[in-house]
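There are 2 protein chains.
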Amino acid sequence: MSSLKSHELEKNSHMMVNPLDPEEFRRQGHIMIDFIADYYQNIEKFALYYPESIETILQDIQKYIIPGITHWQSPNYFAFFPSSGFRGEILSTGHNVVGFNRMSSPPATELECIVMDWLREMLMLRKSFLFKGNGGGVLQGTTCEAILWSEKMEKLVAMVYGSDQTHCALQKAVQIAGIHTKNFRAIKSTKSNSFGLCPNSLRATIHADVEAGLVPFFLLAEDFNIWVHVDAAYAGSACICPEFRHFIDGFEGANSFTLNAHKWFLTTLDCCCLWAKDPSALMKSLSTIPEFLRNKATDSKLVLDYKDRKISLSRSFRAMKLWLVLRSYGVANLRNFLRSHVKMAKLFEELLRNDNRFEVVAPRNFALVCFRILPWPIYNSVANHVERANELNKKLLESINGSGNVYMSSTVFAIGATLREERHVIRAWKVIQEHADALLSKN
Amino acid sequence: MSSLKSHELEKNSHMMVNPLDPEEFRRQGHIMIDFIADYYQNIEKFALYYPESIETILQDIQKYIIPGITHWQSPNYFAFFPSSGFRGEILSTGHNVVGFNRMSSPPATELECIVMDWLREMLMLRKSFLFKGNGGGVLQGTTCEAILWSEKMEKLVAMVYGSDQTHCALQKAVQIAGIHTKNFRAIKSTKSNSFGLCPNSLRATIHADVEAGLVPFFLLAEDFNIWVHVDAAYAGSACICPEFRHFIDGFEGANSFTLNAHKWFLTTLDCCCLWAKDPSALMKSLSTIPEFLRNKATDSKLVLDYKDRKISLSRSFRAMKLWLVLRSYGVANLRNFLRSHVKMAKLFEELLRNDNRFEVVAPRNFALVCFRILPWPIYNSVANHVERANELNKKLLESINGSGNVYMSSTVFAIGATLREERHVIRAWKVIQEHADALLSKN
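Here the protein sequences line up with chains X and B, keeping their order.
Here the UniProt record's numbering is used: the first residue of the first sequence is 1, the next is one more, and so on.
Here the UniProt record's numbering is used: the first residue of the second sequence is 1, the next is one more, and so on.
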C-alpha cells in the first residue's frame, strides 16, 4: 500500500449513490458502531507494541486498521460524501489516538506519510514534495495554522507579499508571528487581470522594498529567494482532474502548497494538507523536544515526529479521514464528484448571463460564481454608481438570507454542499430573481 | 439553561457503569446513528434561519439540539467516559457546523458561551472570567494554540518567564510569536521547593531584566504589569473537587487560565478551555474581519465572533463535546471519576514506598506519580551516582516498554486512562518490579 496506482483506483468507478442517503448512512453507521464496540470488547487482547521497524508498523496497519474498514469497500461505500469524512472521524475518534511523535502511535505517522504521498501523486505535484524526495506532507488544522511558522529572522524588516484578494489567513499569520502589519504588502489586483496577482506590480513593489533596506520574506518569486507558498485551499481539490490541473502549472518553483480537504474533498474539519519541499524550515520554527517525549527513535533522528511540523503538540489521527476518502471513492469518483459541482456552477452562470440585470464579476473557473446585481438605471447614472450598486447588492443579500430559504455569503455563490443537486441551484436562482424583482420595484 | 445549579447536578448521581462497556456503547451508538440519519432525512424541512436575537437562538438550541441528546440522559448514560467525548464528536461532526463567527452558526457560539460559563462556575473561578463580567471563555485546540497570541510590542525586549518545569508549549509559542529564544527565562526549580516556581528567584530574575532595559511581558506577578497565565491543562480538572480547589487559590490575580478537557475531563482531542479576564487582548492579536465574513451582526459589534479569539478561522462545534460531558455526568459523577483516579495513584505511591529500591521524586498531588529506581549500591557510590541512576532508569523504562505489557513515559506514571481499574495498577507494579529485578541482577 506504499504507492498509489491511479489506474487501479480508476477501476473502482462503481455507481454513485447520493452521498448522504439516510438509509445507506444508517446501514453503514451501524456497522461502524459495532466495529468500535468490538474493538473495546477485545482491547485487552492487544499487546502494546514498542515500535520496531517501518515494516512491523505497516503490518499492524494492515492487521488492525484495514480490516475494520473493509465493510465499506462495497459498491455502496462510494456513496457518502461528507459522511465519509464523518465516518473517518468516527474511526479516528473512536480509537482515540494521540500522535505527537511517531512513537506515541506509529501507525498514525505512517498512515499520514502514505496518504500525503498518495494525494501528492494525484495532484501531480513534483517529486520534490515527496517524502522520498526529502520533501513531505503534514496534516494541519486549517490554513491559518498551516502558514503560521517562520524562520527566525529580524521581524522588523521582513516583508510578506500577497494580492489584495489573498485570504485573511495570511494577515492573521503575520500578526501572530509578530511581523508588523505595515510589513504586509497587499498588491492591488484588477478586474482586467481577473483579480490575479500581477507579476509586474509584485516585482515593482519588491524592488522598492529591497531598495529601502527591507527583506522580502514570504510569498512569491524565486529571483528574490523568498519563501513561496501556494494556498489552494479550495481550488486545489479540483486539480486532481486533468482538465483543471493547468491552474497550478506555474507553481513548480513554490516551496509549499496547501489544500483543505475539509473544503471540497469530502472530509470534515479539520484537515488542511500542507506539503513542503524542505520541511526543515518548518521544523526550525515548530520543533521542541521536551524530556517527556524523548525516546530512542526520536534520538536516532531516523523517524518523523509530526509535532515538529505543526503548532499543536497533541494531534489526532487525521490521516484516517483522508485515507478513507481516497480508498473508498477512488480517483474516478472523486473527479466526477468535483466535476458535478463545476457543472452546476456553469448552469448557474448561464442562468445569470440570461438575465441582464446581473453581472458575473470574476471569471468562474471552478464551482464558485462571483456575481452582482447591476440594474441599468444605476449603471447609467454617472455619479457614485459603484456605491449605489454596492448598497443595492447588500440589500439583495440581506433580503435573500432573511427569507430563510437560501443562504449565501457576501462574496460568492458557492456550489459545494454535498447534497446539492441541479434542482437546488435552479430553485436558488428563482429565489434570487424574486428578491431582485421586489427590491428593484421598491427603488 | 443559562446558569449551572450545582445542587441540581449533584442530584444526578446515578449508578456508574463502566464508561466503555462495549454493549452499552453499542446500544447508545446505534441510537446516535439513527439520530443523525434522521437529521439528514429531514434536512430540507428546516428553514435556514437568519440570526435574530439571543432569545430566538436559545430557543433553537432547545428545539433542535437538546432533543437529540435526551436519549442519553438515562441512568446508563453516565457510563461512557472517553466515548462521551466520542459521542459529542459524533454529534458535532455529524451536523458538520463551521462556526467562524456567530452568524455562521449561532448555536455554536451561544452554546460555547454557556458551557464555558458553567465550567467556570464549577471551577469557582472569579466572576471577572464570566461573560457577564466582561471576561469570557473560548475553546481552543490545544495549549500550544491557546497561548499563542500576543499584543503587538517590541519583540526584541519582551521577556517571557516560566519555571524550568514549564511545559514546552510555552517555548513553542514564544518561538512562533517571533520572540527570541534568549528572551525566555526558565527559572530554576528545586526538589526542596517541590519543583514549583520559586517567587524569590522569579522576582530576582525580573528585577535584573528590568534593570537591563528589558520588558517583562508574559507570565507572573502583578507588580510588574505582566500578563499572568495559569496553565492547568491536566490538574485543572481536579479543581472541580472542593478538596483540590486550593491548588489554584493563589491565582486570583491571573489574567488567563487554561484547562484541557481532552486530558482528564472526558472529551477527545481537541478541547482546550481558555478563560481570560480581558479577551480584548486576544482580539488585538487574533482578529481579522475579511469581507466575506462581514454581516450586520458583526458590524453592530453586539455579538461575539469566536474567530477573533483563536488562530484558526474555521472552527468546529467543540462546545457540543463539553456540553454533553457536563450534562450527562453532572458534578458528582465527574468528581467521583477524578477521585477514583487519584485513589489509584495513591495506591501506586504506597506500593512504591514499600519497595526501598524506588523513590517518589516529586510530591503526588493528583493522579500522576513521578518516581525512579534508586538502588542502594548506586546511591551510595559518591562518584557520578546521578548519571548512573539516570542511565539505570532509562534502561528500566526501555525494558518495561519493550515488553509490550505496560507503557509509560520517561517522566511519570499517569493514572488517566478511563478503562483503568485498580487491578491494572497492581499488575503494572508487578511488571515494573520484575523488570527492576532482572535489570539489577544483571548489573
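Treat the hints loosely; a few may be bogus.
[As the list claims (entries may be wrong)] Now the stretches of chain X that chain B is said to cover, found in silico as 3 or more residues with beta-carbon under 8 angstroms:
# : region
1 : 116-129
2 : 168-174
3 : 331-340
4 : 345-354
[Claimed, not checked] Cross-link-like lysine-lysine pairs, in silico, PhoX-like; alpha carbons within 20 angstroms at most:
#  : chain 1 : residue 1 : chain 2 : residue 2
5  : X       : Lys395    : X       : Lys346
6  : B       : Lys296    : X       : Lys395
7  : X       : Lys394    : B       : Lys182
8  : X       : Lys296    : B       : Lys182
9  : B       : Lys394    : B       : Lys343
10 : X       : Lys182    : B       : Lys284
11 : B       : Lys442    : X       : Lys301
12 : X       : Lys284    : B       : Lys296
13 : X       : Lys284    : X       : Lys301
14 : B       : Lys430    : B       : Lys395
15 : X       : Lys296    : B       : Lys395
16 : X       : Lys394    : B       : Lys301
[Unchecked claim] One-sided excerpt, in silico: chain B residues whose CB lies under 7 angstroms from chain X:
#  : residue
17 : Cys144
18 : Ile311
19 : Gly330
20 : Gln433
These are computed hints drawn from the structure, not numbers from a lab.
Beta carbons are placed, not taken as given, at the ideal position from N, Cα and C, and that holds for glycine.
A quick look at each hint next to the structure:
1. 116-129: It is violated: at least three residues are needed, and the region 116-129 of chain X offers just 0 whose Cβ sits closer than 8 angstroms to chain B.
2. 168-174: It holds, with 4 qualifying residues against the three required.
3. 331-340: violated (count 0)
4. 345-354: violated (count 0)
5. X:Lys395 / X:Lys346: Not OK: Lys395 of chain X and Lys346 of chain X at ~25 angstroms, beyond 20 angstroms, violated.
6. B:Lys296 / X:Lys395: 11 angstroms, holds
7. X:Lys394 / B:Lys182: 51 angstroms, violated
8. X:Lys296 / B:Lys182: 28 angstroms, violated
9. B:Lys394 / B:Lys343: 27 angstroms, violated
10. X:Lys182 / B:Lys284: Judged against 20 angstroms, a Cα distance of about 15 angstroms means the pair holds.
11. B:Lys442 / X:Lys301: 29 angstroms, violated
12. X:Lys284 / B:Lys296: Judged against 20 angstroms, a Cα distance of about 42 angstroms means the pair is violated.
13. X:Lys284 / X:Lys301: 15 angstroms, holds
14. B:Lys430 / B:Lys395: Distance ~17 angstroms between Lys430 of chain B and Lys395 of chain B Cα, so the pair holds.
15. X:Lys296 / B:Lys395: Satisfied, since the Cα-Cα distance of roughly 11 angstroms is no more than 20 angstroms.
16. X:Lys394 / B:Lys301: 18 angstroms, holds
17. Cys144: 5 angstroms, holds
18. Ile311: 5 angstroms, holds
19. Gly330: 23 angstroms, violated
20. Gln433: 18 angstroms, violated
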